[in-house]
Amino acid sequence: MRKSSLVLVVLLGGAVPLVAACSGRTLEPSDASAGAAGSAESGGSAGASAGTSPGGAIGIAGTSLGGAAGVAGASLGGAAGVAGGLPDAGAGGVTPREPVKHRASETTCDHTRPSNPSNAPADGDPTRVACHSHEDCNQGENGRCVGNGHDGWQCTYDNCFADADCASSSSAEPRLCMCEGGVRSDNNVCLPGNCRLDADCGTGGYCSPSLGSCGNYSKVVGYYCHTPDDECVDDADCGGGAASALAYCAFMPTIGHWKCSTTHCVG
Amino acid sequence: MPLGRVLVAAFALLLSGCSGAAEADALSDVERGRRYDESETFRREALISSLENADNGYARLRLERYRPGQWEALPIWAPAIRVVSEADLGGAKPTTGFAPLEVDAVPWAEAPLLELGRRAFYEYPVQIMDFAAQAISSAEAPAHYGLWSADGRLGGLVWTALPAGATALSVTCATCHATTRSQQLVTGKNNAQLDLGLLASDFRGDAPNVVWGPGRLDVTNDGSDNPVAIPDLRPVRHQEHLQRAATVKNDLIALAIRTETLIISSLGESVRPPRKLAFALALFMWRLPDAPLRSPDEASSRGAGIFAQRCAACHQPPRYSGPAIALERIGTDPGVGQSSERGTGAYRVPSLHAVGDRTPLFAAGSVRDLSELLDPSRSAPGHAFGLDLEDAERADLMRFLETL
Numbered sequence: 054m055r056k057s058s059l060v061l062v063v064l065l066g067g068a069v070p071l072v073a074a075c076s077g078r079t080l081e082p083s084d085a086s087a088g089a090a091g092s093a094e095s096g097g098s099a100g101a102s103a104g105t106s107p108g109g110a111i112g113i114a115g116t117s118l119g120g121a122a123g124v125a126g127a128s129l130g131g132a133a134g135v136a137g138g139l140p141d142a143g144a145g146g147v148t149p150r151e152p153v154k155h156r157a158s159e160t161t162c163d164h165t166r167p168s169n170p171s172n173a174p175a176d177g178d179p180t181r182v183a184c185h186s187h188e189d190c191n192q193g194e195n196g197r198c199v200g201n202g203h204d205g206w207q208c209t210y211d212n213c214f215a216d217a218d219c220a221s222s223s224s225a226e227p228r229l230c231m232c233e234g235g236v237r238s239d240n241n242v243c244l245p246g247n248c249r250l251d252a253d254c255g256t257g258g259y260c261s262p263s264l265g266s267c268g269n270y271s272k273v274v275g276y277y278c279h280t281p282d283d284e285c286v287d288d289a290d291c292g293g294g295a296a297s298a299l300a301y302c303a304f305m306p307t308i309g310h311w312k313c314s315t316t317h318c319v320g
Numbered sequence: 002m003p004l005g006r007v008l009v010a011a012f013a014l015l016l017s018g019c020s021g022a023a024e025a026d027a028l029s030d031v032e033r034g035r036r037y038d039e040s041e042t043f044r045r046e047a048l049i050s051s052l053e054n055a056d057n058g059y060a061r062l063r064l065e066r067y068r069p070g071q072w073e074a075l076p077i078w079a080p081a082i083r084v085v086s087e088a089d090l091g092g093a094k095p096t097t098g099f100a101p102l103e104v105d106a107v108p109w110a111e112a113p114l115l116e117l118g119r120r121a122f123y124e125y126p127v128q129i130m131d132f133a134a135q136a137i138s139s140a141e142a143p144a145h146y147g148l149w150s151a152d153g154r155l156g157g158l159v160w161t162a163l164p165a166g167a168t169a170l171s172v173t174c175a176t177c178h179a180t181t182r183s184q185q186l187v188t189g190k191n192n193a194q195l196d197l198g199l200l201a202s203d204f205r206g207d208a209p210n211v212v213w214g215p216g217r218l219d220v221t222n223d224g225s226d227n228p229v230a231i232p233d234l235r236p237v238r239h240q241e242h243l244q245r246a247a248t249v250k251n252d253l254i255a256l257a258i259r260t261e262t263l264i265i266s267s268l269g270e271s272v273r274p275p276r277k278l279a280f281a282l283a284l285f286m287w288r289l290p291d292a293p294l295r296s297p298d299e300a301s302s303r304g305a306g307i308f309a310q311r312c313a314a315c316h317q318p319p320r321y322s323g324p325a326i327a328l329e330r331i332g333t334d335p336g337v338g339q340s341s342e343r344g345t346g347a348y349r350v351p352s353l354h355a356v357g358d359r360t361p362l363f364a365a366g367s368v369r370d371l372s373e374l375l376d377p378s379r380s381a382p383g384h385a386f387g388l389d390l391e392d393a394e395r396a397d398l399m400r401f402l403e404t405l
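Just so you know, the protein sequences line up as chains R and L, in that order. Sequential numbering from 54 applies to the first sequence in our numbering. Sequential numbering from 2 applies to the second sequence in our numbering.
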């Protein structure tokens, strides 16, 4: 553990889970107070999204985009494709509850990075063996020569220790520092999204890490607010179905809310 | 029911089935496209008959979800987009100039559908890719990551309007399946310079992904790093199979379903493309012209004879494709063919149309080009056919292949 403060609030035991009638889905006692995530008044003004029914078109017509990036999204009315099925809650999403993973407060990462001896070979194809020891990795902070025989060896660095290190001059969108968020290593990386903290998602809102369309292959790709239209809250909501062994709950930019998916990458 | 009536009913059903199949075969491409758009039954049957191996992940997912109440019920997605050009380099996200592709008004006729397909090939967002921002962050970035630039377009990227006023960068078909030659855009040709692995890792300041390398990407999450070379789509209508691992038996409608479901899964199963657009894309790719590198001459005529003796059993004219070949027989890197997601135990026999300037070759892209393919000293294993040719024979054979 390299985090000097807890990044993700993980709900462990202690609370007696409630089982929702009809669905078998487990709810936590805090569900009742967690429903405001991404409400219109808290998530920024909505843009010109239109088309909200299953089978209907979703798009943003016209030539000008309005509205700040927020958390409102089209309600799909329980559109299919969610393995295992989830109950509707009002406009079609699941009953909001506290996600297993969310970012309640800013994290600062430990400046100490583990330094087990590198297993890089002393020689080899330089396109695959870009370094031979940690000492070769001196172009950034906490450089480590990491890899394996299949992937090759490269230097990795801690690219950030706090969110302020991830400020982007070319974009007003939030970027945050995720400790040990590297795909192939344990280095700290900057990630995009539409929130940095739960507070960015409005009163009672939650800002959670999301996998991308390649699932765990590309690890967490960004942080996004949960919304009232979410069709899932956690991966556990996405079980079931012959093709769903690797199903996960992820933020879908296309529809502006969270939904179950499976792992395929490019089709 | 009396036996006689049962037999009559069964015979009638048989006739009905036969005439239905014959009727479908007699339809024009556009008429088949329209049936694909309108008939769930037609789509379902086409999907089932196109799958080579019903047990791999690709097939299981589609058999489970390409049906009413599942992917059929997803909202249709036709977002407003704005083409990325060199004017966007180093700049902020645009807020104006967005417009959706017009789909509904396009009539079911060949020419308008081809035009829709052409535009969609370059402008319909098939996958949202935030990390593409890294590739337009500076004047030097596009070339560094292998993006092409031509005709006012940069790498086939588009800004895509999303709910709540958000925008994101997306890739189109053309990002991977177009490139430039002498500054002219070559539609359908694989972009062998595109380095998406490096682009993704650089965006998040991660360890450089040197596993994929230019022109390759891992398209499956099957627990193995098995990047595949981006395919050259120019000869797609000649292919016996779609996908390197011979996952899909090829046909225009199979290609449309392949395209539609690729977009669905690449967008996280959250939306689906308009089916007319998916068919237009397939039709556009189906109509891509042959692209021989040179005209026939005396040397290529000699090479044609060598080809007939040594190559045509697998690469069968006139498509220069053929039935898939077992992994152990071809002997190349089996990684892609063994994938639990795409694998069939075989590799497709690729059409050799346009092979003259294709690079790289083999499913994993382990051979640079024709010259290396036929070089007896090459290190990449497999496809030993032709390695024993004399130098003059090899030159003639290459000359012939460049005329395809």
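If you're looking for bench data, these hints aren't it; they were derived computationally from the structure. No residue lacks a Cβ here, since even glycine has one placed at the ideal position from N, Cα and C. Keep in mind that the hints are not guaranteed to be accurate.
Covered stretches of chain R, going by a simulated chain L footprint (3 or more residues, C-beta under 8 Å) [stated by the list, open to error]:
#: 1; segment: 152 to 158
#: 2; segment: 233 to 241
#: 3; segment: 248 to 262
#: 4; segment: 303 to 309
Right, here's what the structure says about each hint:
| no. | hint | verdict |
| --- | --- | --- |
| 1 | 152 to 158 | violated (count 0) |
| 2 | 233 to 241 | holds (count 6) |
| 3 | 248 to 262 | violated (count 0) |
| 4 | 303 to 309 | holds (count 6) |
Figure legend: structure checked against the earlier numbered hints; hints not met, in rising order: 1 and 3.
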